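Engineer: Kindly produce the complete structure, drawing on both the sequences and the hints.
Residue numbers for the sequence shown follow numbering that gives the first Met the number 0, beginning at 0 and rising by one.
Hints may contain errors.
Distance ranges between label pairs, derived from CB positions [what the hints assert, rightly or not]:
{"hint": "1", "residue 1": "D203", "residue 2": "F89", "range": "50 to 58 angstroms"}
{"hint": "2", "residue 1": "G50", "residue 2": "V86", "range": "15 to 23 angstroms"}
{"hint": "3", "residue 1": "E177", "residue 2": "G91", "range": "58 to 66 angstroms"}
Worth flagging that the hints you see were computed from the coordinates, not collected in a lab.
Keep in mind the model is a prediction, meaning the values are calculated, not measured.
Every residue, glycine too, gets a C-beta built ideally from N, C-alpha and C.
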Amino acid sequence: MVIDVDEAGFQQQVLDRSRQTPVVVDFWAEWCGPCRTLGPVLEQAANAREGKVVLAKLDTEASPRLAASYGIQGIPAVKAFRDGAVVSEFVGAQPPAMVERFFDALVPSEADELIERGDEASLGQALEIDPGRAEAAVPLARILHARGEDDEALGLLEPVDGSFEADGLAAHIELEREDPESIEDALEALHRSEPAESIEALLDVLERADDGRREELRRIIVGELAALGQADPRARAYRRRLGTALY
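Structural biologist: Below, the structure is given as structure tokens:
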């Protein structure tokens, strides 16, 4: 989709619209030769995505104040907006391959869309497209584990690299199979989807655990901390307590 936009319509056509659909703004001018080269490339990329990205063309000669407010010093200048803010940009005429990559980064892939649905079938399809994708493997493994299909859950988690949540869930499943009584309170909290409560219970167990269980407990706690998120105000205290318990 390609639209023309000016200063009067920028708020609605770009900033507000970008809260639902990414908007790429092409800052250009009639006299600019590179703009005439880049313009068709941008339009082709936008049209190929069938409404998943909007291309808004803004004539800097007609809207100089708006161009200045976004720091436009040379054209063509291209800025991508999502949720009302600039998320990526480039300056100058670029080859089609680079423009395609720029647009690709703004549009959810088929796997992303399946993960967003979150149901078992969609998560499985996402892993067929992108094997080892943590965002699909972890929630699907949780579904399988809740159903008692632990071997299948561990099989999904094994190829996932670099995910604390995946590693922590694998350790959780393994320890629950080997010695469920050792983390009974934490397991109850985990089953209720109460990450903070489960972390506290796991830390209590870790502080009195023997060496044979400490590494598994550490992996579980780190995974639950990743699920809790760094923005949670309790996360720093939990990490500090974890470090004290380990060292």
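Engineer: Now tell me, hint by hint, if it's right for this structure.
Structural biologist: Verification of the supplied hints:
Checked against the hint of 50 to 58 angstroms, the C-beta distance between D203 and F89 comes to roughly 52 angstroms, which is consistent with it. The hinted range of 15 to 23 angstroms is satisfied by G50 and V86, whose Cβ atoms lie roughly 19 angstroms apart. Distance hint check: the CB atoms of E177 and G91 are about 59 angstroms apart, consistent with the given range 58 to 66 angstroms.
Hint violations for this structure: none, all hints satisfied.
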